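One line per chain: the protein sequences are A and B, in this order. Taking our numbering, the leading residue of the first sequence gets 351, the next gets one more, and so forth. Taking our numbering, the leading residue of the second sequence gets 6, the next gets one more, and so forth.
Keep in mind that the hints are not guaranteed to be accurate.
Said to hold, decoys possible - Pulled from the structure, derived: some chain B residues nowhere near chain A, Cβ distances all over 12 angstroms: (1) 35; (2) 41; (3) 45; (4) 84; (5) 146; (6) 257; (7) 299; (8) 336.
Unchecked claim - Label-pair ranges, simulated between beta-carbon atoms: (9) 501(A) / 269(B): 53 to 63 angstroms; (10) 235(B) / 625(A): 51 to 61 angstroms; (11) 451(A) / 188(B): 36 to 46 angstroms.
Unchecked claim - For lysine-lysine, the following DSSO-like pairs were computed, each having C-alpha atoms within a straight-line distance of at most 27 angstroms: (12) 486(A) / 272(B); (13) 261(B) / 486(A); (14) 272(B) / 445(A); (15) 240(B) / 463(A); (16) 425(A) / 379(A); (17) 277(B) / 425(A); (18) 386(A) / 55(B); (19) 386(A) / 58(B); (20) 445(A) / 261(B); (21) 236(B) / 425(A); (22) 321(B) / 169(B); (23) 58(B) / 481(A); (24) 486(A) / 240(B).
Keep in mind that the hints were calculated from the coordinates and are not lab data. Being a predicted model, the structure only gives us computed values, none of them experimental. Glycine included, each C-beta is placed from N, C-alpha and C at the ideal position.
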Amino acid sequence: MELLKKLCLANGTSGEEENIRDIIIEEVKDYVDEYKTDPLGNLICVKKGTGGGKKIMYAAHMDEIGVIVTVIDDKGFLRFSNIGGINPYNMVHRKVRFKNGTVGVVSFDADTKMGELNLSKMFIDIGAKSKEEAEKYVQIGDSASLVSEFVDLNNHVSCKAMDDRAGCYCLIEAVKKNLRTENDIYYVFTTQEELGLRGATTAGFNVDPDFAIAIDVTRTGDIPEAKRMAVMMDNGVCIKIKDDGIISHPYVVNYMKECAKKDNIKYQLEVLEGGRTDSGAIHLTRSGVKAGVISIPSRYIHSPSETVSKKDLEECIKLIVATEKYQFKEAF
Amino acid sequence: MLLKELTALAGVSGCEDEVRDFILEKIKDLKTDEVICDSMGNIIVHKKGKGPKVMVAAHMDEVGFLISQITNEGYLKFKTVGGIDSAVLVSKRVLIGKDKIPGVLGMKAVHLQQGQARNNKANIKDLYIDIGAKSKEEAEGKVKLGDFAVFDSDYVEFGHGKIKAKALDDRVGCAILLEILKEDYDCDLYVAFTTQEEVGTRGAIIAANRVNADFALVIEGTTCSDIHPAKEHQKVSFHDRGPVITIMDGSAIMDKEVVGRLMDVAKRQDIKYQLKRTTAGGTDAGSIQRSNGGVKVGVIAVPCRYIHSPSSVASKFDISECLRLARAFLKSFN
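Okay, chain A solo, but in the shape it has when bound (with noise of 0.2 angstroms):
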């Protein structure tokens, strides 16, 4: 967990992954045969196979959610726009960090009604007492990431930025696995997926895979009074059937479930309403990629503590391996 802990508590909001891709790229490349950073980001690392295989992309996330700064008033506080999805109320009183260091607490204009907080009404006092003092540390455009403690929660974890750090851990540990299978698999850390599957766009161009599978998180069904929804925490890793972006590809789907069975995989199938991911970017590029969903159970997303289950890591890492091992039939 100690790597998690390490994804989870570095900073690197949608635009700004560096330190992610910097963490990623000490802990896979020495198993890896080449690895390069495209346009927009987005970390490319191939395993060659080993001939006669397929062309596999896996793409996990390494951005988050945050805020930037959009004005500097005349008395030091910063106003600021969301990077990703923010519920205003997840912010009220919460910190956060800048990538020097700067910490910020997040209020609110006093007359606001809290029934009518939105982020224009938001603003950061990072305890400066004017325009100038606060131009020191910090500049319009400049981005944070929530504060948060990484905490064991017995058969939990719970952190800030588990979307999609978890998804990166566990392709990092697929990594380090070290097969050398007859596919020829490309893991991409990819960039900007907050903000529309942007990275992924780009990256699935670049790679022109035969098949794409992104691992990230997805929501539950199991909080009190949650909306309607199969996927349990601990209940072993998801293999999407749709979300707002995707229908996975059938072929996918099964070869998924085909793995899972034959390695003793725990899984779960999943349907999610409201949500996407890369995958969703990847499938339409060129003209079109058979792609599906690898997605970890995850509860408080785009919050300082989402939360997701050891076990289903596990069961995550393990599905990542069995896929890459897959020996591809001629027809499909």
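Given chain A's structure and the hints, the job is docking chain B onto it.
Then chain B, alone, in the frame of chain A:
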């Protein structure tokens, strides 16, 4: 600069013909290596160079109206093309179709509006265009369903270096591109005049796929609300503080290398600039960034008060600084 001529032309998204023809005519006299009009109506001008492939883009289209129905009384119902606030519409003049039939945007007279309706903003569905026809037949003789209409508004210079016109978004960008084409650069330059930006940056998608650039700079008109009674933090950009450099908007997070290069050349050549103070809105940069295997993009924009209205207002100083910044950016590649 040809801003007066460019803003006088009609070019609602999907019907940019007048603008395209004008630009093609002006390009004839300039030194270029290739001029392409693609299937979406984009103009792509190539000026060969040895350096990296750099695309600069501005859109030819403007917001406007599409005639959707002619009523039995001879009034025209319409759909808006692109984002238009209904509050700017009532009693404005428009010109319809190729023959530029004059019309006036009308709504129910104030003394006939009941209760709350008097205080509410006009609803676009309740507006109509009056072309002075006496009957459906007479109207049909002048206007066809599917005709486009634009605001009828003159280019006026006034006050302290201000310009008022329709369609400053983005004829100001087109005018700057035509100036850019007058000079030579080391980079492999592609100048793109795009279509259908106002309905979802559609032309740029196709233009970017063809050009397949290393870097791209979009030149735009952007919102400006530096006037009373906006609160300080609600003011998006300011007149006379130079072009706006975007860090992030709704369509893209701009590439750090491009933003850094823009700020760097601005500082070195003493060009005034400001940073965009909101993340709302979108430009062709989004489409270009995610074309092919990815393009490093940036946006610079001229602040326009009352944008998407018949009377957008820009400052001549900001326009000339924007041109200087665009040129300096292009000359920084070798």
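**Report entry** Hints that the structure is at odds with (numbers, increasing)
**Finding:** 6, 7, 9, 10, 14, 16 and 23
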